[in-house]
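2 protein chains.
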Amino acid sequence: MASNITLYTEAELKQVVRLDRAMIDLMEKTFATLAQGTVLMPPILSMDIHDRNGEIDVKTAYVPGMDGFAVKISPGFFNNPALGLPSVNGLMVYFAAETGMVRAVFLDNGYLTDIRTAAAGGLAARHLAPAQVDTAGVFGTGVQARLQAQAAHLERQFRRLLIHGRTPENAARCADDLAAHFGDAVAVEIADDPRSMVAASQLVITTTPARGALIEPEWLHPGLHITAMGSDAEGKQELAPAVLAEADVYCCDRLSQVETLGELQHLHGLTLKAEAIELGDIVSSPSPRQDDAITIADLTGTGAQDTAIASHAFAALEDKDFGTSVVN
Amino acid sequence: MASNITLYTEAELKQVVRLDRAMIDLMEKTFATLAQGTVLMPPILSMDIHDRNGEIDVKTAYVPGMDGFAVKISPGFFNNPALGLPSVNGLMVYFAAETGMVRAVFLDNGYLTDIRTAAAGGLAARHLAPAQVDTAGVFGTGVQARLQAQAAHLERQFRRLLIHGRTPENAARCADDLAAHFGDAVAVEIADDPRSMVAASQLVITTTPARGALIEPEWLHPGLHITAMGSDAEGKQELAPAVLAEADVYCCDRLSQVETLGELQHLHGLTLKAEAIELGDIVSSPSPRQDDAITIADLTGTGAQDTAIASHAFAALEDKDFGTSVVN
Numbered sequence: 098m099a100s101n102i103t104l105y106t107e108a109e110l111k112q113v114v115r116l117d118r119a120m121i122d123l124m125e126k127t128f129a130t131l132a133q134g135t136v137l138m139p140p141i142l143s144m145d146i147h148d149r150n151g152e153i154d155v156k157t158a159y160v161p162g163m164d165g166f167a168v169k170i171s172p173g174f175f176n177n178p179a180l181g182l183p184s185v186n187g188l189m190v191y192f193a194a195e196t197g198m199v200r201a202v203f204l205d206n207g208y209l210t211d212i213r214t215a216a217a218g219g220l221a222a223r224h225l226a227p228a229q230v231d232t233a234g235v236f237g238t239g240v241q242a243r244l245q246a247q248a249a250h251l252e253r254q255f256r257r258l259l260i261h262g263r264t265p266e267n268a269a270r271c272a273d274d275l276a277a278h279f280g281d282a283v284a285v286e287i288a289d290d291p292r293s294m295v296a297a298s299q300l301v302i303t304t305t306p307a308r309g310a311l312i313e314p315e316w317l318h319p320g321l322h323i324t325a326m327g328s329d330a331e332g333k334q335e336l337a338p339a340v341l342a343e344a345d346v347y348c349c350d351r352l353s354q355v356e357t358l359g360e361l362q363h364l365h366g367l368t369l370k371a372e373a374i375e376l377g378d379i380v381s382s383p384s385p386r387q388d389d390a391i392t393i394a395d396l397t398g399t400g401a402q403d404t405a406i407a408s409h410a411f412a413a414l415e416d417k418d419f420g421t422s423v424v425n
Numbered sequence: 098m099a100s101n102i103t104l105y106t107e108a109e110l111k112q113v114v115r116l117d118r119a120m121i122d123l124m125e126k127t128f129a130t131l132a133q134g135t136v137l138m139p140p141i142l143s144m145d146i147h148d149r150n151g152e153i154d155v156k157t158a159y160v161p162g163m164d165g166f167a168v169k170i171s172p173g174f175f176n177n178p179a180l181g182l183p184s185v186n187g188l189m190v191y192f193a194a195e196t197g198m199v200r201a202v203f204l205d206n207g208y209l210t211d212i213r214t215a216a217a218g219g220l221a222a223r224h225l226a227p228a229q230v231d232t233a234g235v236f237g238t239g240v241q242a243r244l245q246a247q248a249a250h251l252e253r254q255f256r257r258l259l260i261h262g263r264t265p266e267n268a269a270r271c272a273d274d275l276a277a278h279f280g281d282a283v284a285v286e287i288a289d290d291p292r293s294m295v296a297a298s299q300l301v302i303t304t305t306p307a308r309g310a311l312i313e314p315e316w317l318h319p320g321l322h323i324t325a326m327g328s329d330a331e332g333k334q335e336l337a338p339a340v341l342a343e344a345d346v347y348c349c350d351r352l353s354q355v356e357t358l359g360e361l362q363h364l365h366g367l368t369l370k371a372e373a374i375e376l377g378d379i380v381s382s383p384s385p386r387q388d389d390a391i392t393i394a395d396l397t398g399t400g401a402q403d404t405a406i407a408s409h410a411f412a413a414l415e416d417k418d419f420g421t422s423v424v425n
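Here the protein sequences come in this chain order: A and B.
Quick note: the first sequence uses my numbering, first residue 98, plus one each step.
Quick note: the second sequence uses my numbering, first residue 98, plus one each step.
Simulated from the structure, these hints should not be mistaken for lab results.
Glycine included, every Cβ here is placed at the ideal spot set by N, Cα and C.
It is possible that part of the hints are untrue.
Claimed, not checked - Derived lysine to any residue pairs resembling SDA-like cross-links, with alpha carbons at most 20 Å apart:
| id | chain 1 | residue 1 | chain 2 | residue 2 |
| --- | --- | --- | --- | --- |
| 1 | A | K111 | B | L182 |
| 2 | A | K111 | A | D211 |
| 3 | A | K417 | B | V423 |
Unchecked claim - Covered stretches of chain A (in silico footprint by chain B; criterion: 3 or more residues with CB under 8 Å from a CB of chain B, positions within the stretch not fixed):
| id | stretch |
| --- | --- |
| 4 | 142 to 156 |
| 5 | 173 to 184 |
Please build the complete structure, drawing on both the sequences and the hints.
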């Protein structure tokens with residue numbers, strides 16, 4: 098029996114999938130389902146292609162209650178910029194949950210991943226940041242620096258935003274973009290000194306590919322939330338081990354992932370103040386947040402989020418005249 | 098920078114990818130490369146969706162020297178026939194080897210897998226079957242029963258073909274189809290008794306989802322090649338353990354796979370007569386075949402074959418006016 102399969106481009110997806118509070122709500126619902134233990138989420142398939150300076154990751158998850166599930170293929174080829182091509186492209190294939198039939202191919206070049214990743218940061222801010230955030234600080238100057246700042250602002254309307262990056266031009270460009278995005282609502286400034294930036298902030302987000310600590314324990318202060326979303330692979334790190342140990346709340350997206358891919362891989366024999374808790378547990382129960390607490394969210398990214406945003410995109414595209422269909 | 102991505106349907110792929118000796122040559126070259134140890138082939142990503150009676154497997158491999166690599170997604174949803182849908186669908190995504198950019202999506206519904214699987218069987222026959230095969234016997238009545246018989250005949254022009262299946266109507270339909278395919282060249286008959294079928298055959302192919310022995314050691318005779326291609330998962334089995342142990346040559350596609358997915362998982366403490374050898378070693382060196390030997394090929398399917406047939410398909414499609422392209 099022939100079936101209909103539709104190919105959607107990045108430009109089309111950008112018209113229907115946006116970073117807003119509804120997207121954070123969707124991630125809240127997704128993490129709550131994840132915490133119930135019924136989501137199927139196999140280990141990531143990963144292939145390093147050393148002789149091309151490339152890698153490819155495949156993630157999937159089946160989330161009960163959703164109409165479909167996604168298989169996401171993310172290549173990263175780091176010689177591409179020299180060829181005038183992006184390092185990262187990739188796509189999601191979307192299958193009907195009941196039949197496993199291919200319904201759509203989302204040629205999103207990582208856009209859906211960017212949005213679901215930022216929305217998880219927004220969700221962490223919703224549940225773990227102090228109620229009042231006047232100043233937020235961001236480490237990093239890439240796509241996630243921009244999107245995480247936007248997601249956090251959906252939940253905490255800070256008036257001042259500090260950006261710290263290693264390369265001044267990149268930091269300036271990121272600050273300009275965010276100033277344009279926020280307009281008068283937020284004063285965006287470059288922060289040369291990361292320690293003062295953390296001291297001035299109630300909400301800090303690390304969005305870098307760092308392989309060593311960006312934040313030291315002596316910088317911490319009461320009433321501080323940190324979302325560390327850069328580390329998603331063995332060897333990556335943004336927080337000193339003692340930062341994890343001294344936090345009042347250590348929260349992560351998926352315990353089994355952060356132990357090998359997230360900040361928790363670097364705990365090095367230290368012990369957490371309180372038991373590690375998953376984001377899904379926090380959204381399903383009274384928040385552990387107190388306004389003078391130090392809280393951490395350690396995010397590595399989950400296949401459940403991919404399936405959630407793909408299901409959302411598919412539903413949002415249904416009544417649009419978008420896409421290129423083939424009958425197969 | 099925008100890139101061009103083309104979607105090809107099963108019908109289009111069937112016009113350019115065929116089971117012929119050139120396809121067996123391609124698999125020979127692929128297995129030779131695999132034997133050199135330079136192919137990257139990560140473990141299969143697998144997700145069982147129990148509450149839908151479904152599963153999804155993802156395979157990939159990077160084969161040095163090929164222009165691209167495939168990521169294959171194969172769903173199997175076994176409630177589908179009751180809904181009038183096929184159990185198996187699926188697709189391959191084809192990436193440029195140099196840049197990791199998506200080049201094509203092959204909506205093949207498993208067709209490319211069927212062909213590369215049968216061609217590996219043909220390759221086993223080329224190197225391991227007796228030089229003279231008058232009669233071939235096939236266990237099973239599905240797609241692979243048909244294709245494996247055709248592939249074997251490309252290498253050994255048997256005049257008689259016996260088909261053994263559990264369900265008489267299915268066996269009759271399979272025999273009819275093969276009789277139509279071969280015409281006068283081959284007499285196709287139903288074999289009710291598997292033991293006599295093996296006794297009469299110089300080449301036997303098992304193509305079933307069995308979970309117990311179909312062939313017993315006392316049925317073996319000098320001058321017999323068996324290709325067992327049904328077992329590709331834990332618990333599946335087509336040959337009694339002693340069949341493996343008594344064979345003069347035990348050959349497999351990938352040792353690391355057959356130990357858990359193929360016949361070798363059931364060796365149960367018996368020892369092989371000679372060291373297990375991979376198909377890629379056989380094609381790269383003088384054949385161990387002797388006409389009075391008992392030889393076995395245990396095939397589980399490899400990602401390298403997927404990448405090979407996808408690269409072949411992509412090249413074959415380039416000068417055709419096929420496919421639906423989008424600029425992304």
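Right, here's what the structure says about each hint:
For the hint linking K111 of chain A to L182 of chain B, the alpha-carbon distance of about 33 Å lies beyond 20 Å, and the restraint is violated. Using a Cα cut-off of 20 Å, the hinted pair K111 of chain A and D211 of chain A holds, with the two alpha carbons roughly 11 Å apart. For the hint linking K417 of chain A to V423 of chain B, the alpha-carbon distance of about 17 Å falls within 20 Å, and the restraint holds. With 10 residues having a beta carbon nearer than 8 Å to a beta carbon of chain B, the stretch 142 to 156 of chain A meets the requirement of three or more and the stated coverage holds.
Coverage of a stretch by a chain is defined here by at least three residues with a beta carbon nearer than 8 Å to that chain's beta carbons; for the stretch 173 to 184 of chain A and chain B the count is 8, and the condition holds.
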